[in-house]
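Protein chains: 2
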Amino acid sequence: MSIPAIASTRNDALASLLDNAINNKTKPLGSLGMLETVAKQIGLIQNTRVIALEKPAILVFAADHGVVAEGVSAYPQDVTWQMVENFLARGAAINVFAQQNGCALHIIDAGVNHDFGPRTGLTDRKLAHGTHNFAQQPAMSSDTCATALAAGMALVAELDGNVVGFGEMGIGNTTAAAALMHKLTGIPVAQCVGAGTGLSADGISHKQRVIEAAVALHASATEPLDVLATFGGLEIAMMVGAMLKAAERRMVLLIDGFIVTSALLVAARLQPAILDYCVFAHCSDESGHKKMLDNLGARPLLQLNLRLGEGTGCALALPLLHAAVNFLNQMATFESAQVSEKSE
Amino acid sequence: MSIPAIASTRNDALASLLDNAINNKTKPLGSLGMLETVAKQIGLIQNTRVIALEKPAILVFAADHGVVAEGVSAYPQDVTWQMVENFLARGAAINVFAQQNGCALHIIDAGVNHDFGPRTGLTDRKLAHGTHNFAQQPAMSSDTCATALAAGMALVAELDGNVVGFGEMGIGNTTAAAALMHKLTGIPVAQCVGAGTGLSADGISHKQRVIEAAVALHASATEPLDVLATFGGLEIAMMVGAMLKAAERRMVLLIDGFIVTSALLVAARLQPAILDYCVFAHCSDESGHKKMLDNLGARPLLQLNLRLGEGTGCALALPLLHAAVNFLNQMATFESAQVSEKSE
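Residue numbers (my numbering), protein chains in the order written: chain A, 1 to 344; chain B, 1 to 344.
Isolated chain A, as found in the complex (with noise of 0.2 angstroms):
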């Protein structure tokens, strides 16, 4: 397994002509805000003046996690298993919210802690029966880990659209991807863990504990992959080789979550340029996803409170980035519709 180069988006000129169409749009300048920013990037990741976005898809990553034996989650470890069924009888909220917005869906069993035997509609790549609790051991070997990736990587190299965006399901996984936020910003344990899908506040303060005596425990582990291995989750590193191989293909990469945009930062860690190909989807209600994405620096095109994951973000942002590139290709210039121009 190696990891994919990805290079930046970075073209002067190509942003120049971009900034020019779009301020010849019949609008004041700049108003279009986020939408413009959108449109132009969407632009770079192209490689072109004329933008489109093809078959937009969903990958929803599912696994289970070990340190769910610590007491870390609202729900039990079934619900994984559970709403990966729900997913599968279309009706879990990124079902519905996906089919709205013409979004595919792909549901992959990257390590749920349950048997589901063949089934339609669901992508088989189970690696283990869920992680190892990290608050004993590593969550899983660096082999598993690349084994994760490569099969990530894998998937995306099939897809046929040019714009994908990530979501997952896993009990337990908050706390995972609170450990990856730490472990991979610096940002005090404290800053990084939330109520995942309902805890109270002892409940978020026993994770605290659970996530710091595990630091502790896995202190050598300071590299990206390592610490992707050591405290991740096998839809989170499947995740890590999903979008790396994305940006390589120089596709659009939609982020949604705290989960999402922990494996993200593993992908950021290893690969900087894949910032340049990421729309970030929504802040999350979790308690630390505007930290997480103020240290990469990136700014979310909805708030609405969500706190829900399976990649429902995405899916309810894919609206506007539509909406980004109709405008770019549909709307009359000045000249065109011979609309007077700013007069001072």
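To be clear, the hints were calculated from the coordinates, so they are not data collected in a lab. Note that the Cβ used here is the ideal one computed from N, Cα and C, for glycine as well. Mixed in with the good hints there might be a few duds.
[Unchecked claim] Below, in silico cross-link-like pairs of lysine-lysine (DSSO-like), each with a Cα-Cα straight-line distance of 30 angstroms or less:
id: 1; chain 1: A; residue 1: 40; chain 2: B; residue 2: 40
id: 2; chain 1: B; residue 1: 40; chain 2: B; residue 2: 290
id: 3; chain 1: A; residue 1: 291; chain 2: B; residue 2: 342
id: 4; chain 1: A; residue 1: 290; chain 2: B; residue 2: 291
id: 5; chain 1: B; residue 1: 290; chain 2: A; residue 2: 291
id: 6; chain 1: A; residue 1: 55; chain 2: A; residue 2: 342
id: 7; chain 1: B; residue 1: 342; chain 2: A; residue 2: 342
[As the list claims (entries may be wrong)] Computed spacing ranges between beta-carbons, pair by pair:
id: 8; chain 1: A; residue 1: 20; chain 2: B; residue 2: 47; range: 46 to 54 angstroms
id: 9; chain 1: A; residue 1: 5; chain 2: B; residue 2: 17; range: 49 to 57 angstroms
id: 10; chain 1: A; residue 1: 273; chain 2: B; residue 2: 333; range: 38 to 46 angstroms
id: 11; chain 1: A; residue 1: 49; chain 2: B; residue 2: 49; range: 46 to 54 angstroms
id: 12; chain 1: A; residue 1: 340; chain 2: B; residue 2: 124; range: 21 to 29 angstroms
id: 13; chain 1: A; residue 1: 49; chain 2: B; residue 2: 249; range: 44 to 52 angstroms
id: 14; chain 1: B; residue 1: 336; chain 2: A; residue 2: 273; range: 40 to 48 angstroms
id: 15; chain 1: B; residue 1: 19; chain 2: A; residue 2: 200; range: 18 to 26 angstroms
id: 16; chain 1: B; residue 1: 188; chain 2: A; residue 2: 23; range: 32 to 40 angstroms
id: 17; chain 1: B; residue 1: 120; chain 2: A; residue 2: 341; range: 24 to 32 angstroms
id: 18; chain 1: B; residue 1: 336; chain 2: A; residue 2: 200; range: 23 to 31 angstroms
[Said to hold, decoys possible] Anything over 10 angstroms on all C-beta distances counts as not near chain B; from chain A, calculated:
id: 19; residue: 12
id: 20; residue: 26
id: 21; residue: 54
id: 22; residue: 117
id: 23; residue: 154
id: 24; residue: 162
id: 25; residue: 189
id: 26; residue: 215
id: 27; residue: 216
id: 28; residue: 217
id: 29; residue: 338
Use these hints to put chain B onto chain A, whose structure you have.
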């Protein structure tokens, strides 16, 4: 012309039913954030547990403003009619976003300073070739204002959908809206004025002085309809009537940016319960909009640094309203999906 009576949507029994329905969906409690608030609000507006958005429409009211003679806009007055032509040719931002999101668009000439003649796609409700210059005299007579309100009501009486967004076009109308905001909220003029389509700092200062002088000239105007006739625009007055009728018909009102919200300020002073029917699409970058929203206790869905008007924020927010309706109607419950509930 009489002002429609608007009933509060408050209904504790229905609210409780809606809360239960929302909380039983397969997601952590409250995790869909503002979408849950909107779903409940739509239920209360439509007075049912089974909500639906039918035939969404955006009404774009266009008119000219005599106060542009004072040099308060970065663009010449001709841009108003030129942009109306652009709307009819489907070249403007609102055309692109309305089409993308399946929203009918009605372009209404409330008082543009131009003779269009009979035109397909243009609803002719022209009451004058623009308002008078409110720096010298009231923008319109109370009769004209009443006629504009009645015209707006009549337009909405004919709509066959149940969700209506409001947009506007009118060079100079941020000046009118800032004056309305000041008079109806008491917020100092300096905090009500902004760059509009792109004034310099000097331009903004000049606009502020023009408004302050006019406010001194028309000190006797204090009642909402007097204030509207004195400082408003024909598009703003027609929108006030349209909003009142839409709420009377228990439609969902989608509120756009600074000018549209200034019309709502007038309507809400006449019938405070209208706010129960309003979903606020976005917070504009026009300087006073956030304070205006705060004054109304409003929380907007989007913060994208838009400042374009035309109803663009409404069109962009519409998919989020659909998402609110769809999750309530389509998601599985914990029981139906056999997903375990919270364990603590």
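The hints, checked one at a time:
With a C-alpha separation of about 37 angstroms, the suggested pair residue 40 of chain A and residue 40 of chain B falls outside the 30 angstroms cut-off, and the hint is violated. At most 30 angstroms may separate the alpha-carbon atoms for a hinted pair to count; residue 40 of chain B and residue 290 of chain B meet this at roughly 24 angstroms. Distance hint between residue 291 of chain A and residue 342 of chain B is fulfilled; the C-alpha atoms sit about 27 angstroms from each other, no more than 30 angstroms. At most 30 angstroms may separate the alpha-carbon atoms for a hinted pair to count; residue 290 of chain A and residue 291 of chain B meet this at roughly 24 angstroms.
As the CA atoms of residue 290 of chain B and residue 291 of chain A are separated by approximately 24 angstroms, the hinted pair is consistent with the 30 angstroms bound. Restraint check for residue 55 of chain A and residue 342 of chain A: the C-alpha separation of about 39 angstroms exceeds 30 angstroms, so the hint is violated. With a C-alpha separation of about 58 angstroms, the suggested pairing of residue 342 of chain B with residue 342 of chain A is violated against the 30 angstroms cut-off. Distance hint check: the CB atoms of residue 20 of chain A and residue 47 of chain B are about 51 angstroms apart, consistent with the given range 46 to 54 angstroms.
Roughly 56 angstroms separates the CB atoms of residue 5 of chain A and residue 17 of chain B, a value that falls within the hinted 49 to 57 angstroms. Our hint of 38 to 46 angstroms for residue 273 of chain A and residue 333 of chain B holds, since their Cβ atoms are close to 44 angstroms apart. Between residue 49 of chain A and residue 49 of chain B the Cβ separation comes to about 49 angstroms, which falls inside the hinted range of 46 to 54 angstroms. Between residue 340 of chain A and residue 124 of chain B the beta carbon distance is about 23 angstroms. The supplied range of 21 to 29 angstroms therefore holds.
Range check, residue 49 of chain A to residue 249 of chain B: about 45 angstroms between beta-carbon atoms, so the 44 to 52 angstroms window is met. Our hint of 40 to 48 angstroms for residue 336 of chain B and residue 273 of chain A holds, since their Cβ atoms are close to 45 angstroms apart. Taken as a hint, the range 18 to 26 angstroms holds for the pair residue 19 of chain B and residue 200 of chain A, whose Cβ atoms sit roughly 21 angstroms apart. The hinted window of 32 to 40 angstroms between residue 188 of chain B and residue 23 of chain A holds, with their beta carbons roughly 33 angstroms apart.
At about 28 angstroms, the beta-carbon gap between residue 120 of chain B and residue 341 of chain A stays in the expected band of 24 to 32 angstroms. Between residue 336 of chain B and residue 200 of chain A the beta carbons are some 28 angstroms apart, a value that agrees with the proposed interval 23 to 31 angstroms. With a least CB separation of 24 angstroms from chain B, residue 12 of chain A remains clear of the 10 angstroms interface cut-off, as annotated. Residue-level check failed: residue 26 of chain A sits 5 angstroms from the nearest beta carbon of chain B, not beyond 10 angstroms.
The Cβ of residue 54 of chain A sits about 16 angstroms from the closest Cβ of chain B, beyond the 10 angstroms cut-off, so the non-interface label holds. Distance check on residue 117 of chain A: its Cβ is at least 17 angstroms (rounded) from any Cβ of chain B, clearing the 10 angstroms threshold; non-interface status holds. The non-interface label for residue 154 of chain A is consistent with chain B: the shortest C-beta to C-beta separation is roughly 30 angstroms, beyond 10 angstroms. For residue 162 of chain A, the condition that its CB be more than 10 angstroms from all CB atoms of chain B holds, with the nearest at approximately 18 angstroms.
Non-interface call for residue 189 of chain A relative to chain B: holds, since the shortest CB-CB distance, roughly 21 angstroms, exceeds 10 angstroms. Distance check on residue 215 of chain A: its Cβ is at least 25 angstroms (rounded) from any Cβ of chain B, clearing the 10 angstroms threshold; non-interface status holds. Here residue 216 of chain A stays apart from chain B, with its beta-carbon at least about 26 angstroms from theirs, past the 10 angstroms limit. Distance check on residue 217 of chain A: its Cβ is at least 26 angstroms (rounded) from any Cβ of chain B, clearing the 10 angstroms threshold; non-interface status holds.
Distance check on residue 338 of chain A: its Cβ comes as close as 7 angstroms (rounded) to a Cβ of chain B, failing to clear the 10 angstroms threshold; non-interface status is violated.
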